[in-house]
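K.L.:
Sequence:
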Amino acid sequence: MGVHTIDLNLFLVFHAIYATRSVTLAGEQLNITQSAVSNSLKRLRERFNDALFVRTMDGMVPTPLAERLIGPATAGLSQFNQAIDMGRHFDVEKSKRLFRIAINEVGHLVMMPRLFNSMRELAPHIKIETVALSPAETRNGLLNGHIELAIGSWSGMGPAFYQQRLFYESFVVVMSHNNPLAQTGLTLSDYLQAEHLSFRPHGSTDLELESMLQRAGVPDQRNIVYAAAHAQGFVEIIKDSNLLVTLPSRLAQAIASHHSALTVVDVPFPVQPFQIRQQWHERVHQDPGHRWLRELAFALFNDFSTVTGLSSAHAELPSDTD
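In terms of my numbering, the sequence shown opens at residue 3 and continues consecutively.
In case anyone wonders, no lab produced these hints; they're calculated from the structure. Source: prediction; values computed, not measured. Note that CB positions come from ideal geometry on N, CA and C, so glycine has one too. Please note that the accuracy of each hint is not assured.
To be verified - Once the Cα atoms are required to be at most 20 Å apart in a straight line, the calculated EDC-like pairs of lysine to aspartate or glutamate come out as:
no.: 1; residue 1: K96; residue 2: E123
no.: 2; residue 1: K241; residue 2: E197
no.: 3; residue 1: K96; residue 2: D289
no.: 4; residue 1: K44; residue 2: D9
no.: 5; residue 1: K96; residue 2: E297
no.: 6; residue 1: K129; residue 2: E297
no.: 7; residue 1: K129; residue 2: E95
no.: 8; residue 1: K44; residue 2: E30
no.: 9; residue 1: K129; residue 2: E107
no.: 10; residue 1: K98; residue 2: E297
no.: 11; residue 1: K129; residue 2: D289
no.: 12; residue 1: K241; residue 2: D268
no.: 13; residue 1: K241; residue 2: D192
no.: 14; residue 1: K129; residue 2: D93
no.: 15; residue 1: K98; residue 2: E123
no.: 16; residue 1: K96; residue 2: E131
no.: 17; residue 1: K98; residue 2: D289
no.: 18; residue 1: K44; residue 2: E69
What the hints assert, rightly or not - What follows is a list of derived Cβ distance ranges for each label pair:
no.: 19; residue 1: S120; residue 2: T35; range: 37 to 45 Å
no.: 20; residue 1: L67; residue 2: E131; range: 34 to 42 Å
no.: 21; residue 1: G187; residue 2: N119; range: 36 to 44 Å
Produce the entire structure from the sequences given, and follow the hints as far as they go.
P.N.:
Shown next, in the form of C-alpha cells:
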C-alpha cells in the first residue's frame with residue numbers, strides 16, 4: 003500500500019479519534035459531522051484491513067496496529083503544520099493569544115504569580131488559563147492541542163513530547179511555632195509518631211513523598227488525620243494544632259512568609275530532590291509564540307539548562323536550546 007493510494011486527510015481523522023477516543027469529539031475537533039468521521043474511519047479500516055479503534059465503555063480504544071501507526075502519523079502531521087507555519091512571526095506586544103497551562107495547585111501558588119506578572123509586562127494583551135488535570139488528562143490535552151504547556155513533576159509523557167528541567171525541588175516540614183517539636187528539634191521518631199495533615203491537591207496522593215520515604219528506607223507510617231485537597235484553609239489548622247504537614251520547599255516558604263505563626267524545618271530523613279519540568283508536544287515545538295512562552299518560563303525558573311526529547315525512539319527530535 004503506497005501513500006498515493008490513500009487520502010492523506012484520513013490521517014487527520016485517525017489522529018483526532020486517537021486523541022479524543024470519540025467519533026463525536028473527533029468531529030467537533032475537526033469541525034466536521036459525526037457521519038463524516040464515521041465514513042473516514044470506515045475507509046481507513048478497509049485500507050488497513052483492521053478495526054483500528056474498538057468501541058468500549060472507555061471510548062474508542064486503539065488496536066495494536068493503530069498504536070503502531072500513531073507515532074509516524076503524528077510526526078507527519080507535525081511536519082506539515084511546521085511547513086505551513088514556517089516564517090510566522092509572534093508579535094509579543096500585540097498578540098492576544100490565549101495560553102492554557104496545566105499546572106497543579108503548588109505551581110499555581112508558587113510559580114504562576116511570577117510568570118503571569120512577567121508575561122503582562124512583556125505582552126500586555128496575552129491571556130492565561132490554568133488547568134489542574136491528572137497526568138493522563140494532561141497528556142491528552144497536550145496531544146490534541148487543548149493545552150500548550152504542562153509544568154510539574156510528572157514523568158516523561160512519551161514519544162513526540164519534549165521536556166525541559168526548570169529546577170529541583172525537595173520537601174520540608176511545616177508546623178506551628180507553638181508545636182513542642184519546633185523547640186526540641188524534629189527526629190524521625192517524632193515525625194512518625196506525630197499526627198499529620200496530608201496536602202493532596204485535586205485528589206492526588208503523596209506519591210513523590212511516599213517514594214522519597216521508601217528510597218530513604220523509611221516505611222510511610224504517618225498518622226494522617228486530615229487530607230486537604232486545597233492549600234487555602236489548612237494553614238489555620240496547622241497553626242492552631244500540633245499537626246505536621248510535609249510540603250515542597252518553595253510552597254512551604256511562600257506560606258510561612260505570610261504566617262509568622264508557622265515554622266519550617268528540614269525533614270528528618272535523607273531527601274532526594276525531584277525535578278520540576280515543563281513539557282510540550284512536538285507539534286508546537288517550532289511555534290514562535292509557544293517558544294516565547296517556554297523561554298520566558300525557563301528564564302524565570304531554571305537552575306540550569308538541559309533539554310531532551312523524552313524517547314530514544316524519537317532521538318531525531320531536535321534538542322531545544324531555550
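K.L.:
Confirm or reject each hint.
P.N.:
Results for each hint:
1. Of the pairs offered as hints, the one joining K96 and E123 holds, with about 12 Å between alpha carbons and a cut-off of 20 Å not exceeded.
2. Distance check on the hinted pair: K241 and E197 sit about 14 Å apart at the alpha-carbon level, within 20 Å; holds.
3. A C-alpha spacing of about 17 Å is found between K96 and D289, which places the hinted pair at or below 20 Å, so the restraint holds.
4. For the given pair, K44 sits about 13 Å from D9 by alpha-carbon distance, which is consistent with the 20 Å threshold.
5. For the hint pairing K96 with E297, the CA-to-CA distance comes to about 18 Å; that is within 20 Å, so the pair holds.
6. In summary, the hint linking K129 to E297 is supported, as the alpha carbons are separated by about 17 Å, within the 20 Å threshold.
7. A threshold of 20 Å between alpha carbons decides the hint, and for K129 with E95 the separation of about 12 Å falls inside it, so the pair holds.
8. A C-alpha spacing of about 18 Å is found between K44 and E30, which places the hinted pair at or below 20 Å, so the restraint holds.
9. Taking the CA atoms of K129 and E107, the gap is about 19 Å. The hint holds against a cut of 20 Å.
10. A threshold of 20 Å between alpha carbons decides the hint, and for K98 with E297 the separation of about 18 Å falls inside it, so the pair holds.
11. About 17 Å separates the Cα atoms of K129 and D289, which keeps this hinted pair within 20 Å; it holds.
12. Simply put, K241 and D268 have alpha-carbon atoms about 18 Å apart, close enough for the 20 Å limit, and the pair holds.
13. At most 20 Å may separate the alpha-carbon atoms for a hinted pair to count; K241 and D192 meet this at roughly 18 Å.
14. With a C-alpha separation of about 14 Å, the suggested pair K129 and D93 falls inside the 20 Å cut-off, and the hint holds.
15. Annotation: proposed proximity of K98 to E123 holds, straight-line Cα distance about 14 Å (limit 20 Å).
16. Between the alpha carbons of K96 and E131 the distance comes to roughly 18 Å, so the proposed pair stays at or under 20 Å and holds.
17. Among the hinted pairs, K98 with D289 is consistent with the structure: their alpha-carbon atoms are about 15 Å apart, no more than 20 Å.
18. The straight-line distance between the Cα atoms of K44 and E69 is roughly 18 Å, inside the 20 Å bound, and the hint therefore holds.
19. Taking the beta carbon of each, S120 and T35 are about 43 Å apart, inside 37 to 45 Å as hinted.
20. The hint said 34 to 42 Å for the Cβ distance between L67 and E131, and at roughly 36 Å that hint holds.
21. Between G187 and N119 the CB atoms are about 38 Å apart, so this pair conforms to the stated range of 36 to 44 Å.
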